[in-house]
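These are the residues of each chain, in order.
Protein chains: 4
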Amino acid sequence: MNITVLGEARYPSPLSHFVSDKIRVLLNAVIDPDAPPSDDLLLEVAGPREMLYFDPKKTRAGIVTCGGLCPGLNNVIRSLVLQLHHVYGVREILGFVNGYQGLDPWRGAEPIPLTPEFVEDIHKGGGSALNTSRGPVDVSVAVDNLIRRKIDILFVVGGDGTQRGGAALYHEAKLRGHALAVVGIPKTIDNDVPFVSRTFGYLTAVEEATRILTCAHTEAHSVENGIVVVKIMGRHAGFIAAGATVASQDVNFTLVPEVPFVLDGEDGFLAALKRRIVKRGHAVILVAEGAGQHLMSGGEKQYDASGNLKSKDIGVFLRDRIHTYLKEQDIPFTLRYIDPSYLVRSVPAGAEDAILCDFFARNAVHAAMAGKTGLVIGQQHDIFTHVPIELLASRKKQLDLNSPEWQGVLSATGQEFAHFPA
Amino acid sequence: MNITVLGEARYPSPLSHFVSDKIRVLLNAVIDPDAPPSDDLLLEVAGPREMLYFDPKKTRAGIVTCGGLCPGLNNVIRSLVLQLHHVYGVREILGFVNGYQGLDPWRGAEPIPLTPEFVEDIHKGGGSALNTSRGPVDVSVAVDNLIRRKIDILFVVGGDGTQRGGAALYHEAKLRGHALAVVGIPKTIDNDVPFVSRTFGYLTAVEEATRILTCAHTEAHSVENGIVVVKIMGRHAGFIAAGATVASQDVNFTLVPEVPFVLDGEDGFLAALKRRIVKRGHAVILVAEGAGQHLMSGGEKQYDASGNLKSKDIGVFLRDRIHTYLKEQDIPFTLRYIDPSYLVRSVPAGAEDAILCDFFARNAVHAAMAGKTGLVIGQQHDIFTHVPIELLASRKKQLDLNSPEWQGVLSATGQEFAHFPA
Amino acid sequence: MNITVLGEARYPSPLSHFVSDKIRVLLNAVIDPDAPPSDDLLLEVAGPREMLYFDPKKTRAGIVTCGGLCPGLNNVIRSLVLQLHHVYGVREILGFVNGYQGLDPWRGAEPIPLTPEFVEDIHKGGGSALNTSRGPVDVSVAVDNLIRRKIDILFVVGGDGTQRGGAALYHEAKLRGHALAVVGIPKTIDNDVPFVSRTFGYLTAVEEATRILTCAHTEAHSVENGIVVVKIMGRHAGFIAAGATVASQDVNFTLVPEVPFVLDGEDGFLAALKRRIVKRGHAVILVAEGAGQHLMSGGEKQYDASGNLKSKDIGVFLRDRIHTYLKEQDIPFTLRYIDPSYLVRSVPAGAEDAILCDFFARNAVHAAMAGKTGLVIGQQHDIFTHVPIELLASRKKQLDLNSPEWQGVLSATGQEFAHFPA
Amino acid sequence: MNITVLGEARYPSPLSHFVSDKIRVLLNAVIDPDAPPSDDLLLEVAGPREMLYFDPKKTRAGIVTCGGLCPGLNNVIRSLVLQLHHVYGVREILGFVNGYQGLDPWRGAEPIPLTPEFVEDIHKGGGSALNTSRGPVDVSVAVDNLIRRKIDILFVVGGDGTQRGGAALYHEAKLRGHALAVVGIPKTIDNDVPFVSRTFGYLTAVEEATRILTCAHTEAHSVENGIVVVKIMGRHAGFIAAGATVASQDVNFTLVPEVPFVLDGEDGFLAALKRRIVKRGHAVILVAEGAGQHLMSGGEKQYDASGNLKSKDIGVFLRDRIHTYLKEQDIPFTLRYIDPSYLVRSVPAGAEDAILCDFFARNAVHAAMAGKTGLVIGQQHDIFTHVPIELLASRKKQLDLNSPEWQGVLSATGQEFAHFPA
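Heads up: the protein sequence lines correspond to chains A, B, C and D, in order.
Mapping of the first sequence onto my numbering: residues 4 to 425, in sequence order.
Mapping of the second sequence onto my numbering: residues 4 to 425, in sequence order.
Mapping of the third sequence onto my numbering: residues 4 to 425, in sequence order.
Mapping of the fourth sequence onto my numbering: residues 4 to 425, in sequence order.
Keep in mind the hints are simulated off the structure, nothing from the lab.
It cannot be assumed that every hint is accurate.
[Stated by the list, open to error] Keeping only pairs whose Cα atoms sit at most 30 Å apart, straight-line, the calculated BS3-like set for lysine-lysine is:
#	chain 1	residue 1	chain 2	residue 2
1	A	Lys315	B	Lys315
2	D	Lys61	D	Lys177
3	D	Lys61	C	Lys315
4	B	Lys177	B	Lys127
5	C	Lys127	A	Lys282
6	C	Lys61	C	Lys153
7	D	Lys127	C	Lys127
8	C	Lys277	A	Lys127
9	A	Lys60	A	Lys25
10	A	Lys177	A	Lys315
11	B	Lys282	D	Lys61
12	B	Lys25	B	Lys60
13	B	Lys399	D	Lys25
14	B	Lys127	A	Lys282
15	C	Lys127	D	Lys282
16	A	Lys330	A	Lys315
17	C	Lys399	C	Lys177
18	B	Lys25	A	Lys127
19	C	Lys282	C	Lys400
20	D	Lys315	B	Lys400
21	A	Lys399	C	Lys330
22	A	Lys61	A	Lys177
23	C	Lys60	A	Lys25
24	B	Lys60	B	Lys153
25	C	Lys330	D	Lys330
26	D	Lys61	B	Lys25
27	A	Lys127	C	Lys25
28	A	Lys25	A	Lys61
29	D	Lys282	D	Lys330
30	B	Lys127	D	Lys282
Can you build the whole structure from these sequences, using the hints too?
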């Protein structure tokens with residue numbers, strides 16, 4: 004699939020090795036003679052190009068980080084800056100602060116000039132040195148600002164909504180006759196972006212979640228009929244829950260959005276939990292935040308004092324239902340609830356995520372300097388790719404229930420309760 | 004202060020060095036010519052005694068762990084067993100399970116025979132290998148059971164309520180003519196036991212809380228006007244909150260039971276928080292669970308669906324009050340609440356707590372073998388002592404507001420808001 | 004590529020989903036129109052098969068771990084046992100101890116019966132619960148023993164030499180008319196096995212090496228002209244060195260086997276180090292143990308008191324050459340040498356390696372139960388495969404100098420010194 | 004014991020609470036009726052004084068860190084700066100770099116102006132933000148420089164040699180008529196400073212050493228007759244070795260300077276090691292660097308190529324002797340040697356050391372502002388004190404072999420071999 008380019012690349016690259024625009028990577032590397040013909044989408048391979056669209060000496064780049072915290076944001080910022088500065092010789096780099104708000108001069112603070120000195124140690128801490136926020140920006144106002152500040156390249160670090168916002172900026176800039184390269188680095192701690200085999204931050208989240216599950220297991224194991232419910236990130240996909248379950252081997256029930264489960268009845272989750280408690284005397288339950296949403300619909304909606312919808316919190320919902328059910332069943336128990344999300348997403352990137360961030364960032368710079376726009380960096384079969392932003396929205400990435408990831412969950416937990424077809 | 008002994012010690016100790024019963028340690032090592040005469044309480048020094056009351060070959064010991072989890076419980080169990088077995092040659096050791104419930108044969112499971120093999124690796128995990136529970140036991144039933152099982156020595160690991168329960172067991176056994184040595188090891192993660200300069204688990208809790216405060220700081224620092232409230236253990240004393248504040252240097256407001264603070268008005272906490280947010284753009288608030296109880300009394304009591312009193316949770320209370328106040332003040336903010344208690348108390352002991360547990364346990368065995376009873380092991384000026392259980396209840400241990408601990412908090416936070424005299 | 008099978012699979016699998024023998028995975032997922040036709044090797048996809056060769060109720064399996072320590076060995080053992088026991092219902096599993104020595108009844112200790120209870124917590128520690136050793140076993144004696152003990156399946160966890168030994172066992176057993184499934188799980192902390200995109204233990208080693216590099220950076224940075232040389236594993240390939248360099252961003256020179264570098268002269272490493280020291284005042288050097296072997300050949304060989312060849316230790320060699328060179332150049336410096344290998348390889352597996360071990364082990368059981376033999380489990384493009392053992396020896400896996408891994412090293416270090424063509 | 008003061012304190016303190024100069028702390032809090040009359044040394048209690056000698060607005064302070072790295076150096080620097088700046092209002096603070104070299108304008112770099120911004124995050128990393136070096140400075144040149152730069156207060160962070168150097172500076176300044184307050188913060192990772200119950204960095208070192216011992220245990224335990232020798236800091240005292248032994252419970256032999264042991268013969272260490280290997284199949288040996296020096300004296304001295312005395316390295320010596328001995332005894336074994344010192348001393352301070360550093364630093368500022376000089380901050384019975392530098396040199400601090408520390412080592416290891424009277 005071809006990537007939009009701003010124009011002809013005319014400046015020689017300062018690098019000594021190149022990747023041709025003609026190289027493609029197969030989306031599907033499996034050959035199954037009994038299966039219908041597979042998807043033949045071919046993605047462009049990322050990497051340095053022989054000719055650049057932008058003259059490094061005259062180029063001005065911007066960086067913005069959006070959405071929730073995710074381990075590795077600072078690594079991405081740092082590698083973008085170092086790659087621009089040291090490898091390509093780009094000297095003017097602005098960091099827009101507080102997410103997309105920072106593109107709007109009426110709402111945000113002044114952007115920060117980014118230098119190798121500024122980013123030197125930022126990767127040693129979690130969070131984002133540019134801050135972050137949720138929500139969109141007025142496209143027209145933002146493009147006015149980008150043009151006024153003479154920004155040629157904008158690196159957008161964020162989820163799919165953020166990336167679509169980035170595409171809108173490019174299109175608006177084009178209408179104004181301003182050649183703006185918008186290159187995205189996909190960010191989702193949930194690992195649910197299509198065309199990216201692993202998003203940065205995901206593995207670090209699994210590592211932290213595993214630590215927390217060890218605590219949960221200790222809590223459950225140290226009292227009679229101890230039950231601990233741990234809620235973890237995963238709005239649309241259960242990758243963190245599945246990974247942490249297989250890594251820790253301490254979870255007895257893993258609930259994910261991909262498997263809408265039955266709560267009540269002999270086949271349901273509550274009865275299965277009761278059987279385990281009676282037999283083994285403790286249980287650890289790991290629930291992704293997007294699991295079991297079907298259970299909380301209908302007339303059950305409740306609002307807290309501030310008017311926020313409460314009933315959609317599956318962790319609290321499950322805790323309360325378990326409590327009520329086991330009381331009814333006259334089983335003594337100790338029930339604890341842990342919601343560690345802020346402690347998982349705010350840590351520095353682990354080594355593997357640090358490496359991944361570096362690769363994503365350096366490839367994003369290669370793409371932008373070559374004048375490519377409206378894309379995000381993807382990864383397929385250990386190869387980094389260029390993915391048109393439009394393509395991102397065309398698919399969803401969820402747990403494949405026949406994959407080792409989910410089969411590993413079933414083996415680790417031994418869980419058995421009814422679920423509806425996904 | 005003398006310690007009750009079961010009778011004359013007649014068996015020679017297998018150890019090669021001894022501590023005399025006559026050695027005492029001063030409670031107060033400070034001489035202030037301008038102060039009133041100080042407390043002249045003298046505590047017996049712990050350690051091996053030359054003669055034993057119990058014949059190791061015929062002695063049967065029991066161990067029980069009570070109350071909430073605390074890092075180091077398994078280290079204490081392990082060192083008790085190894086000291087009894089290897090150093091004194093005691094071969095029969097029973098672990099009563101599920102706390103004091105385990106002393107009641109009608110409620111508890113069978114006790115576990117404890118051997119060096121059983122305890123070999125238990126200190127590498129958190130929790131208690133003997134499980135734990137809250138609540139008392141029927142003294143008469145328990146003593147029946149202890150006599151029937153021919154228990155000579157009972158090691159009680161728990162808080163002051165647990166220790167008073169242990170004293171009751173000794174008195175009841177004495178009435179029955181059974182010589183029972185009850186030796187306590189004080190357990191409180193809050194570090195609020197008098198006559199013990201530092202309880203085991205406390206330092207590990209501070210270390211974990213410090214890790215969590217780093218996350219809180221990252222969360223607060225990565226958004227505009229980010230506020231994070233962290234609730235930490237500390238029902239009657241703010242030692243963990245103070246220690247974690249000084250260790251992390253990332254906290255801006257530390258609230259403890261010893262300092263009843265004013266919430267409203269220009270001098271109050273909320274106005275101070277607002278001033279900081281306006282000036283610095285973020286804030287981390289660390290609140291001990293026992294802080295601010297005065298704020299939640301009176302007509303404000305609320306109950307949740309299960310009938311539990313809700314309003315006493317200072318963390319949730321503060322979060323809600325901050326939310327309301329800043330909304331009223333029309334200040335934009337992002338507010339997060341973290342309650343990490345289960346993640347703090349369930350980890351294995353750090354190195355220093357592991358050492359402390361070993362010393363407490365080995366001294367407890369020395370005391371018991373010498374026939375001492377109705378005491379807990381204390382620590383004063385780096386010296387381990389024998390503290391009569393009755394003495395424990397006579398004092399409280401709280402933060403001294405002139406101590407380096409609290410002065411360090413004031414310096415680290417720079418906090419300024421009104422408080423009532425403690 | 005087809006895999007040898009012991010015979011017709013006749014027993015229905017207890018699992019509910021299957022993978023067909025006909026599915027293949029492409030070795031090369033990249034399409035380059037300008038490149039010569041690529042390798043068209045197709046590997047069999049791993050996973051559960053519909054029919055089994057072995058009747059689980061009558062099957063006896065053995066496990067052996069060989070070679071040096073590697074994070075994850077216990078995870079592999081544990082998942083093999085749990086998969087055999089819980090998923091397939093195999094009840095007789097023997098753990099041969101001390102590596103291949105344990106297959107020889109004249110040299111080794113009795114094998115250990117492996118149960119879910121035995122393996123329950125082994126993954127929480129490093130090392131191997133079955134111990135390990137280097138060196139081969141007398142094939143004839145080992146097969147005698149395996150036949151006598153009625154072993155149907157042998158799982159071999161080890162490097163390529165170990166796996167070739169496993170193939171020899173299968174061939175010898177076949178000659179004796181004993182149907183022995185030998186299924187290997189490739190083990191190399193160096194990550195240098197072909198057909199396996201990442202071996203278990205590698206990521207954990209990178210994480211630990213990164214921690215150590217932080218210490219090295221601190222040491223170098225805290226004195227004037229501080230130089231720290233860190234030697235890390237990597238006999239034939241520099242994957243750990245490259246990964247740790249990119250993850251830590253604290254290394255200034257990374258030396259790997261794939262890049263034979265020049266030591267002396269203006270273009271050489273020593274002069275480049277001198278320039279850095281003069282300019283920046285500190286340097287961290289990370290050297291893979293297999294780097295620079297060409298520098299130590301010839302007349303320089305030296306032996307220690309015990310008769311061991313000393314000069315091949317590139318870490319010590321470099322340290323001494325740096326010392327001599329900078330003395331000659333009259334540059335003051337402080338030089339430290341760190342060899343942390345034992346501290347890197349003995350830790351428990353991190354979360355991602357724990358997951359990988361689980362997948363490798365469960366797929367190995369699937370293959371063995373289906374009667375496949377003479378293979379190892381591989382991984383290509385995130386898909387687990389069956390790789391004939393013979394194929395393993397046909398290729399080598401080393402750093403591709405155009406890959407993001409090595410380009411990331413060059414960017415992170417900025418290193419510039421002459422090297423010979425690889 | 005009285006502390007030298009520069010003159011009458013005439014400026015009111017900005018603090019609201021004070022400690023009187025008349026308060027003293029007992030060195031010995033133990034009363035033993037059978038012991039000879041104890042030491043009656045009384046130390047001045049540290050803390051804020053009501054009147055200051057220096058006018059904060061006109062005061063200029065300097066800080067220097069000397070000797071080897073130690074966890075917590077940056078915490079000390081940071082708290083000194085924050086206390087001077089925020090609490091006392093001192094605005095001019097210079098950081099002299101590279102240890103005492105930095106006091107000599109002919110040798111060192113320019114000092115760094117220290118501000119709250121500069122020190123904001125330095126405590127999150129190990130090492131010293133001011134660098135460090137070993138060796139003295141020309142006192143006359145240094146005092147010239149201090150006078151020229153109008154330094155009123157010099158904070159000296161270092162060991163006893165460094166502190167004696169600090170006293171020399173004070174005396175020389177006095178001769179020149181310059182009122183220089185020199186206040187020391189004792190720094191020794193070995194914890195062997197008298198009048199200081201625990202030096203900063205020591206507990207962090209024990210924690211790291213314990214981690215390393217877990218690795219050593221895994222290495223020893225995973226092969227047949229595995230032996231691991233770990234060398235750890237402790238030139239004159241075995242506190243780190245003892246602490247790590249008790250904390251880890253994984254060491255089988257602990258060798259410290261205080262216990263000169265016998266190597267050969269049936270009673271010796273080597274025979275005891277052999278017995279353990281034969282009986283248990285593995286051993287972990289922890290040796291403090293200052294242990295066994297008596298074994299390496301006499302004709303055995305050897306020099307390396309650079310002319311350094313080699314034979315004094317007890318770790319290498321032991322490793323080689325064990326190797327030779329077990330070969331002679333015809334016992335198969337695998338022997339590993341680990342020297343992790345650089346990995347132990349370069350990490351950031353743990354929570355407890357972070358707290359300790361803060362207290363030491365803030366008390367040092369109190370003392371200096373009051374015009375006290377020629378002292379170091381000490382700690383006795385959890386109370387911070389003023390210790391005249393001369394007093395430091397008058398005693399040594401070593402392990403008391405009857406203390407819980409050493410008795411805990413004996414219990415943890417069960418070690419039995421001959422040693423000479425200490």
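Taking the hints in turn, this is what the structure says about them:
1. With a C-alpha separation of about 25 Å, the suggested pairing of Lys315/A with Lys315/B holds against the 30 Å cut-off.
2. A distance of roughly 19 Å separates the Cα atoms of Lys61/D and Lys177/D; the hinted pair therefore holds under the 30 Å criterion.
3. For a cut-off of 30 Å, the pair hint linking Lys61/D to Lys315/C is broken: about 62 Å separates their Cα positions.
4. As the CA atoms of Lys177/B and Lys127/B are separated by approximately 38 Å, the hinted pair breaks the 30 Å bound.
5. Distance check on the hinted pair: Lys127/C and Lys282/A sit about 24 Å apart at the alpha-carbon level, within 30 Å; holds.
6. Between Lys61/C and Lys153/C, the direct Cα distance comes to roughly 10 Å. Compliance with the 30 Å bound is thereby established for this hinted pair.
7. Among the hinted pairs, Lys127/D with Lys127/C is consistent with the structure: their alpha-carbon atoms are about 28 Å apart, no more than 30 Å.
8. Simply put, Lys277/C and Lys127/A have alpha-carbon atoms about 28 Å apart, close enough for the 30 Å limit, and the pair holds.
9. Note on Lys60/A and Lys25/A: the hinted pairing holds, with a Cα-Cα distance of about 28 Å set against a maximum of 30 Å.
10. Only pairs whose Cα atoms come within 30 Å are accepted, and Lys177/A paired with Lys315/A is rejected, the gap being roughly 41 Å.
11. Restraint check for Lys282/B and Lys61/D: satisfied, since their Cα atoms lie roughly 28 Å apart, inside the 30 Å limit.
12. The hinted pair formed by Lys25/B and Lys60/B meets the criterion: a straight-line CA distance of about 28 Å does not exceed 30 Å.
13. Proposed proximity of Lys399/B and Lys25/D is supported: the alpha carbons are some 28 Å apart, at most 30 Å.
14. Between the alpha carbons of Lys127/B and Lys282/A the distance comes to roughly 26 Å, so the proposed pair stays at or under 30 Å and holds.
15. Taken as a hint, the Lys127/C and Lys282/D pair is honoured in the structure, with Cα atoms around 26 Å apart against an allowance of 30 Å.
16. The hinted pair formed by Lys330/A and Lys315/A meets the criterion: a straight-line CA distance of about 23 Å does not exceed 30 Å.
17. With a C-alpha separation of about 29 Å, the suggested pair Lys399/C and Lys177/C falls inside the 30 Å cut-off, and the hint holds.
18. For the proposed pair Lys25/B and Lys127/A, the alpha carbon gap of about 55 Å is over 30 Å, so the pair is violated.
19. A threshold of 30 Å between alpha carbons decides the hint, and for Lys282/C with Lys400/C the separation of about 37 Å lies outside it, so the pair is violated.
20. Taken as a hint, the Lys315/D and Lys400/B pair is broken in the structure, with Cα atoms around 50 Å apart against an allowance of 30 Å.
21. Between the alpha carbons of Lys399/A and Lys330/C the distance comes to roughly 62 Å, so the proposed pair goes past 30 Å and is violated.
22. Taking the CA atoms of Lys61/A and Lys177/A, the gap is about 19 Å. The hint holds against a cut of 30 Å.
23. Taken as a hint, the Lys60/C and Lys25/A pair is broken in the structure, with Cα atoms around 55 Å apart against an allowance of 30 Å.
24. In summary, the hint linking Lys60/B to Lys153/B is supported, as the alpha carbons are separated by about 14 Å, within the 30 Å threshold.
25. A distance of roughly 39 Å separates the Cα atoms of Lys330/C and Lys330/D; the hinted pair therefore is violated under the 30 Å criterion.
26. A distance of roughly 56 Å separates the Cα atoms of Lys61/D and Lys25/B; the hinted pair therefore is violated under the 30 Å criterion.
27. For the hint linking Lys127/A to Lys25/C, the alpha-carbon distance of about 48 Å lies beyond 30 Å, and the restraint is violated.
28. Annotation: proposed proximity of Lys25/A to Lys61/A holds, straight-line Cα distance about 28 Å (limit 30 Å).
29. For a cut-off of 30 Å, the pair hint linking Lys282/D to Lys330/D stands: about 17 Å separates their Cα positions.
30. A threshold of 30 Å between alpha carbons decides the hint, and for Lys127/B with Lys282/D the separation of about 24 Å falls inside it, so the pair holds.
Comparing the model with each numbered hint stated earlier shows that hints 3, 4, 10, 18, 19, 20, 21, 23, 25, 26, 27 do not hold.
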